[in-house]
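Respectively, the protein sequence lines represent chains A and B.
315 is the number that full-length UniProt numbering gives to position 315 of the first sequence; each next residue is one higher, with no gaps.
563 is the number that full-length UniProt numbering gives to position 563 of the second sequence; each next residue is one higher, with no gaps.
Hints are computed from structural coordinates only; laboratory data are not their basis.
Each residue gets a CB set at the ideal place from its N, CA and C atoms; glycine is no exception.
One or more of the hints may lead you astray.
Chain B regions said to be covered by chain A (calculated; three or more residues, Cβ under 8 Å) [claimed, not checked]:
#: 1; stretch: 62 to 72
#: 2; stretch: 129 to 137
#: 3; stretch: 240 to 254
#: 4; stretch: 282 to 295
#: 5; stretch: 368 to 382
#: 6; stretch: 416 to 429
There are 2 protein chains.
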Amino acid sequence: MTAETRAGAPADPTSAVDRAPGDPAPALAAEQLVQTLLDWDIRYVFICPGSTEAAFLHAAARTPGIDVVLTTHESIAVSMADGMARVTGRPAVAYLHANVGLANGLGHLSAARLALSPVLVLNGLKPAQIQSRGGFTTSTHMRDYVRQDAKWDWQSLRSHDIGFDVARALQVATASPAGPTWVGLSQDLIESPADAWSRDSGRLAVDAAARPSRAALQKALHLLRAAARPIVVAGADVARAGADAVRDVARLAETLRIPVFAEDRRGFERTVLPSRHPHYAGLYDPGRRSVAESDLVLFLGARCFTEFEAPARSSLPPAAAVIHVHADPAEVGKIYGADLGVAADSGAFLADLLEALADLPEAAGGCVPGDGRHLRAAVAEHAEIMSRGPGAPESSEAAPGVAASGATTVAAVMEALSSELDEDTVVVGDATTSGLALLHAVERTAASMHTTSSGSLGWGVGAAMGIKLADPSRRVVAVCGDGSFQFGLQGLWTAVRHGIDVTYLVVNNESYAAVGAAIRRFTGGVTPRERELFVDLAGPSLATVAQGFGAHAVRVRSAGELGKAMRGAAERPGPAVIEIMTDPFDLGP
Amino acid sequence: MTAETRAGAPADPTSAVDRAPGDPAPALAAEQLVQTLLDWDIRYVFICPGSTEAAFLHAAARTPGIDVVLTTHESIAVSMADGMARVTGRPAVAYLHANVGLANGLGHLSAARLALSPVLVLNGLKPAQIQSRGGFTTSTHMRDYVRQDAKWDWQSLRSHDIGFDVARALQVATASPAGPTWVGLSQDLIESPADAWSRDSGRLAVDAAARPSRAALQKALHLLRAAARPIVVAGADVARAGADAVRDVARLAETLRIPVFAEDRRGFERTVLPSRHPHYAGLYDPGRRSVAESDLVLFLGARCFTEFEAPARSSLPPAAAVIHVHADPAEVGKIYGADLGVAADSGAFLADLLEALADLPEAAGGCVPGDGRHLRAAVAEHAEIMSRGPGAPESSEAAPGVAASGATTVAAVMEALSSELDEDTVVVGDATTSGLALLHAVERTAASMHTTSSGSLGWGVGAAMGIKLADPSRRVVAVCGDGSFQFGLQGLWTAVRHGIDVTYLVVNNESYAAVGAAIRRFTGGVTPRERELFVDLAGPSLATVAQGFGAHAVRVRSAGELGKAMRGAAERPGPAVIEIMTDPFDLGP
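Let the hints inform the model, and build the full structure from the sequences given.
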C-alpha cells in the first residue's frame, strides 16, 4: 500500500480506543484531551512544550498508543503535522506553547492552510487568571494570530468542554474543504477535573465532500463534447480526494483521449497523475503550445492560480472554455472566472462525470473520444521539454554540468539526482530557485513529490519527517536550498532523536539566489556590492552543522559524488544530510 | 561614554543627511524610503529579504551611511533591532519579507513591545494587484498579525506616501510610551516614482515624556513623608528614560536614605541602579523581610507585575502604601491598584520630585531623611543573599560546583562567570532555569544586563548583536540555555559574516529544564519516561554546530575551564561560542 493509496482513506473506526460503559472516566481535562485524540485515532502529537503543557505531557506519557514527538522549534512541530496530514488525509496535531510558540509556528500554518491540510493546532496558554492580568507569554487577542490561517478557532472556557472543543476542532478540520483549526487550552483548565466526554470519531466525522449538481454535470458534458482540443489540469486537490480520484482522472483522460497536466509550477503542491502515465503532459504553462491551442481547460482541484507576480497576460489559453472544480468555493473562478465553476470534491466530480459519460444515450452521440491528436502533441511537447535536460541555462556552462567557475550546476545535480530516484521515492521540495529543475527531475523519474506554495522556507525539513512517519515503507528525500535549510535547522534534532530516515539533499549555492534574481529583474543586473551584501550566503558548512546535531552528513562538490552519497545515506538508519555545493552564479532557469 | 549614558539621548539633528533645495529628489519610493531612514539617522537596517525588497536593496546599496545587515531568519532581524533600540533609545528597523517572514519575526516583536522598544518593522508585500488575488505569500489581513504587538500599523496605499508613512511610524514608535510600529510596503509601490517628501526628524519628533501633575507630586510627597520604611523599585523604564533618570534614582535614595530594589525576577529586563551603588538592595521579592516590612513602595518605571502564574498571595507588602509610576498608562496599577498611580516619564517624575523635596519649606518640616535603619537592613539582607552563592541548590552537590553525577552545576558556572565579568561588561540573558543564578552573577560583578520578559526563546542571540553594534566599546556576553540557543542558531550566520564580537556562553544542561520543573510542580516528580520523552535534549554538540557556521567555538565540561575559554574568546575578533556542559538534573534554584 503506497502513501497515495492511503491518502484520504478514513480512519479505521475499530482502531480507536473503545471504553466500556463501566470504565473509569478520565479525571482531569488533560486526560480527557489525550482520550479524545485517541478516539480520533491520532497517534502522534508534535510538540514544542513549555510549562503550560505539563498536565498533557504527564497524561500522554502514561497512555499507550500516543507518541508525543518532541521538537526544538514550533515551526518543526507544525510542518511535521502538515506533512503527516497531507499523506494520510487524516488530522494531525501540533501542540504549541503560549503566544510566542504560536507565533513561531504561524509561517508553516499558512502552508497547511494552502494545502487544505487538517492540522489541529493545540495551544497551551497560561492560567486564565493571569491572561486577564497581562501575565507572562500572554496576549490579549490570541485568536487574531490564527484567524486567517485557521478555518475555526476557539479558546476553551471550561475544563469540561475541552474534549468537546478538541473533537469539534478535529471535525471542522477534516470536513471538506479541510484545513487547520486552533484550540487554546489554558493551563488551569487542562489541570482541572473534567466530566467524561466521549463520542467516537465515526459519529463526529462529517461527510462534506460535495457532489456537483445535475445542472453542473450537464453543462460540463456539454462543454466537453463541444471541445476539439480539451485538456485536464489535475491539481493537488485531486490527490487529496484520494486514490480513487487519481485513478478516475486517468480513466477520464483515457476515455476521452485527452492530455493531463499538473498544476503550474507556482501552484504545484503534490503529484497527482504519475508522470509515467501515457497521458501525462507535464506542468500547465500558458506559454506551452499544447496549452495555448486548447479549446477547453478542465481545472480539477487546481488553484487558478498562485501568482508570484501579476501576469503580463492572461494565464488562460486565449480561446478556451474553462471548467474550474475545487473543493473550496473561495478558490473557484477566483481570478479569471470560468464558464462553469463548481465547488465540489474532485473525486465526486470525476465519478459523476465518468458515469454521465458512460450513460450518454447513443441518440445523443454517446461518449465520443477525440482523435487523440492533441493528446499526442501535448505529450510529445512534454517529452521535448524533458529532453532539454533539467532546465539548465546551458549557455553559461563550460562543460556539461560544470559552470564557468568550475562549480557544479543545479542542472547537473538534478541529472544525478534523477538516477537515484524511482517511483517509490517521495520527494519533498523546499528549494526556491532550483524548484523547477527539481520538478523536472521528479517528472523524469516518476517519483512523487510534495511541496508547499506558501513560501514558508524550511517547511520541507519537518514535512519530510511527518511524511516518513506517516508511511515508513517509502523512501523520503527532501531537497532543500541552503537558505531554506537554515530556516528548518532545528528539525535535525528531532530527526536524530527519533531516528527518522529522511535523506536531506541540500543544494548549496551559497546564495539567496531568489534575491539575486529579483534584483536582476528589477535593475537588469546585480552589482558586486549587491551580491556581497544581499545575495552571498557563503560561509557555513551545513554538513558540519548537521554533524553537530548528530546526523550523518557529508559535503560533496561534484554531481558525480552524489550517487554514492545518496546510496550511503539510504543504507544507514536515521537521517542523513548531503550538502552539494553548486555554482553561486547559477541562478537556475 | 557608556551605553547607559547614551540611552535616551536624542539623535543629533546635524548628523542627518541634509539636502539643499536644489538637490535632485529621489526618483523612486524605495529611494525616498532610504532617505527617510537617513533623515532619522537610522544607520542600520536588519533584513531577511525576498524578491519584494529588490528596489530597497538596490537603493540602499548605492547610498552611503546606511548599513543593511543580512540575517538568515526574521527572528534575528527583529531581535537585533530590538537590542539596538534598547541601548540607544532610538528607533531601529527590521525589514521582513511577506506574510511568512512577518510571522517568523512576531515572537520577538512581543519582546520589543514589552520593552517599549521603538522597533519599526517594515514589511515587504507582494504587488498590490496580486494581494487582492490571493497571490503567493499574501494574506488577507496582514495587520491582524501585528496589531497587538505594534502601537501603530499601516499599509501604504500610494508610492508618494511611503516617506510620510515611514516617518509617521518612526514618530509614533519613539513617542513615549515607545513601542514597535509596522508599515506594509507593497513591491509595486516601492518600485514606483514618488514625489519628494522630506522633513527632518527633529521637526517630527514628539516630546511625549509626561510630567506628573502638581497634585500627583503633592500626594507623592505626602506619602513619602508619612512613611517610616519606604523603598524604591526602579524598573526598566527608568533606564529607558536615560542616564539622568538613573542618576536621579540614586540621588533620591541618597537624599532620603532609602534602599533601591531592581524589578522582580520575572519582570526584570535591564539594569537600572548599578549593583555597586551602596543603596542597591537586590531584586524586589515580596518574600524578603525588608520588602515585607516596608510601609511605602515607590514603583518607578516598573511593571507590577509580570506574573508567571497567579500568586498565592499579594505581591505587595501587606501594610505598604503604593506609588506606581510608569510611562505606559495601561501598566499603571494594572493588577493591584495603587494609592497613587501616575502615568509619567520616570525621569520627569524623579526630577520634579527631587525639586519638590528640595523646595520643601522649613516650616513644613523640610525634607527629612529617614534614619537609614531600613536601608541598612535591606542592603544587609541583599548581601546575605549574595553570600549564599549564585542561587545553587547546595544540598544536592557532592563537592562545591559538582553535582552527584559528577557534572558541573549551574551555580559553579555562574561563580566562574562572575570572575570574568566587570562593570564594563554588558550581559544579555536568554537562559530560563538558570536565569536567577545569572542575575545574581551580574549583581555580584556590577555588570549590566539586558534580558526579555517575553519568553520568546532565542531572543538573546540577535539582541546581543544589536547591543554590540550600538555600542562597540563594551564587551557583550550573551548567556543562553541550550534550548534557547537552538531557537536563535541562525544568528550565528550574521555574527560570523559581520564579525560581531559577542561571546555566547551556552549553559548546556541537555534539558528542557523548565519543562521538567513544570512536570515536577504538577506531579511532584518527573518519571524516567517523562524525562526521556519531554525533558532530555541531549545529543547536539552546539559547539560543533557553531563551528559549522564558522564561529570560534569550544565545549568545556568544568567551571574551571570557563575562565580560560572566556579570555580566549575576548582576545580573538568575531563571535565566539563557549558551550559549557552542566548537570542535566540540576534544575536550578
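query: Taking a Cβ-Cβ distance under 8 Å as contact, does the stretch 368 to 382 of chain B have three or more residues in contact with chain A?
result: Since 0 is below three, the answer is violated.
- request: Count residues of the stretch 129 to 137 of chain B with a Cβ under 8 Å from any Cβ of chain A, then say if the count reaches three.
  value: holds (count 7)
field: Annotated coverage of the stretch 416 to 429 of chain B by chain A, confirmed only when three residues or more have a Cβ within 8 Å
entry: The restraint on the stretch 416 to 429 of chain B is violated, since only 0 of its residues have a Cβ under 8 Å from chain A and three are required.
- request: Check whether three or more residues of the stretch 282 to 295 of chain B sit with their beta carbon closer than 8 Å to a beta carbon of chain A.
  value: violated (count 0)
task: Can you take a look at whether the stretch 62 to 72 of chain B is actually covered by chain A? Rule is 3+ residues, C-beta closer than 8 Å.
output: Satisfied; 3 residues make the cut.
- request: Check, residue by residue, whether the stretch 240 to 254 of chain B contains three or more positions whose beta-carbon lies closer than 8 Å to a beta-carbon of chain A, and give the verdict.
  value: violated (count 0)
Checked against the numbered hints above, the structure violates hints 3, 4, 5, 6; every other hint is satisfied.
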